[in-house]
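*Asks:* Here are the chains, one letter per residue:
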Amino acid sequence: MILLIAGRGGHLEQIIRLKDKLQATGFEKFLLITEYGVPKDLTNDFSEIIYVHELRNKFSKRKYILSIIPVLADHFRTNLALHKNYKISMMLSTGPGLAIPASIICRLKKIPIVYVESWSRFYSLSITGKFMNIISDLFIVQNKSLLKLSKKAKYGGRL
Amino acid sequence: MEVDYKILVAVGTTPWDSLINYIDKNLSNLGDFTYQIGNGKYTPNRGTYFRHKENFIDYCKSNFDVVITHGGAGNIYGLLEVNMKIIVIPNLERVDGHQLEIAKFVQNEKYGEVVYHLETLSEAIHKSKLGCYNKYSKDDFNMIREIIEFIK
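Residue numbers (my numbering), protein chains in the order written: chain D, 248 to 406; chain L, 47 to 198.
Bound-form chain D, shown alone:
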């Protein structure tokens, strides 16, 4: 089972494109942790879809600080439950922050972690990207201009 982790909007769009490419090579079993917005015609592509709250409020720093601990606890709980119910062979994420607690659990369980930095990043890594640059086994960027920011990064072209 491949564990896919992606937030909403562009992050989800990118993980779906990755999932499609993996399906084309024969992989069929996917779990998805996301915020919302999976198109109805795609829900059958996943063994299970788990919806979580976003880690970071994009419009208010204050709301973010107040809610972070219970939201993080929920993320850890969700991830641990998935590992209990499924044999996970790899974690693949396009961010954003919900990849962080998931990757901590995967690292502790020695499960390979692959991270693809967002297609909207050209000149700086995201906060999640900086963390995943350290913890991931494979760190892929979609813009060559990011290669100079990470010794580990590999250029993968655009999803």
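Heads up, a few of these hints could be off.
As the list claims (entries may be wrong) - Heads up, incomplete: computed chain D residues facing chain L, CB under 7 Å, no partners named: (1) GLY256; (2) GLY257; (3) ILE263; (4) GLU282; (5) ALA328; (6) MET337; (7) GLY344; (8) PHE369; (9) TYR370; (10) ASP384; (11) GLY404; (12) LEU406.
Claimed, not checked - Footprint (simulated), chain D over chain L, 3 or more residues, beta carbon under 8 Å: (13) 118 to 124; (14) 148 to 156; (15) 159 to 168; (16) 179 to 186.
Since the hints were derived computationally from the structure, they do not count as laboratory data. Cβ atoms here follow ideal geometry from the backbone N, Cα and C, with glycine treated the same way.
Start from chain D and add chain L according to the hints.
*Replies:* Using the frame of chain D, we list chain L on its own:
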């Protein structure tokens, strides 16, 4: 003449009421406007609007001369891939500033117009009518094999 220039304003999945409001109140004479307002609260008084649309890129290509878009990469790449004229306005009301990076990319590579202050939007619309932009060509993702090697 002006009313024939078909313009779509697209804000993506996060609301941007102040943009819709500004264009609706100040620029509606510059073209025939349609608005994609997402989950926004403000609804425009001039021009038509909708919240979301499937097959969005094809819809844009078939119906508009130019798309004024927030800095969402999915929108921008999708529109550039079908050679749509774009005017990018990064949404700076967000806490994260990363819409700026793709705006700079579009500007540096001359793929379209970029607006950082709403006061310059009318000028960008005029420029887009005559504008000639570089053609975007996608370098496809090619690391699936490497990813598969990591699967236990």
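*Asks:* Each hint should be assessed against the structure and marked as holding or not.
*Replies:* To see whether the hints hold, each was checked on the structure:
At its closest, the beta carbon of D:GLY256 sits 5 Å from a beta carbon of chain L; the interface hint therefore holds under the 7 Å criterion. At a threshold of 7 Å, the smallest CB-CB gap from D:GLY257 to chain L is about 5 Å, leaving the interface hint in force. Because the beta carbon of D:ILE263 sits about 11 Å from the nearest beta carbon in chain L, more than 7 Å, this interface hint is broken. With a cut of 7 Å, the hint placing D:GLU282 at the interface with chain L is violated, because the nearest CB-to-CB distance is about 10 Å.
Given the 7 Å rule on beta carbons, the hint for D:ALA328 is violated: about 20 Å separates it from the nearest Cβ of chain L. With a least beta-carbon distance of about 5 Å to chain L, the hint placing D:MET337 at the interface is held under the 7 Å criterion. Interface restraint check: D:GLY344 against chain L, minimum CB-CB distance 10 Å, threshold 7 Å, status violated. Interface hint at D:PHE369: satisfied, since its Cβ lies 5 Å from the closest Cβ of chain L, which is below the 7 Å cut-off.
Against a cut-off of 7 Å between C-beta atoms, the interface hint on D:TYR370 holds, since the closest Cβ of chain L lies about 5 Å away. Interface restraint check: D:ASP384 against chain L, minimum CB-CB distance 6 Å, threshold 7 Å, status holds. This hint holds: D:GLY404 has a C-beta 4 Å from the nearest C-beta of chain L, less than the 7 Å allowed. With a least beta-carbon distance of about 5 Å to chain L, the hint placing D:LEU406 at the interface is held under the 7 Å criterion.
A stretch counts as covered by a chain when three or more of its residues have a beta carbon under 8 Å from one of that chain; for the segment 118 to 124 of chain L and chain D the count is 4, and the coverage holds. Check on the segment 148 to 156 of chain L: 3 of its residues sit with their Cβ under 8 Å from a Cβ of chain D, so the three-residue criterion for coverage holds. Coverage of a stretch by a chain is defined here by at least three residues with a beta carbon nearer than 8 Å to that chain's beta carbons; for the segment 159 to 168 of chain L and chain D the count is 0, and the condition is violated. With 3 residues having a beta carbon nearer than 8 Å to a beta carbon of chain D, the segment 179 to 186 of chain L meets the requirement of three or more and the stated coverage holds.
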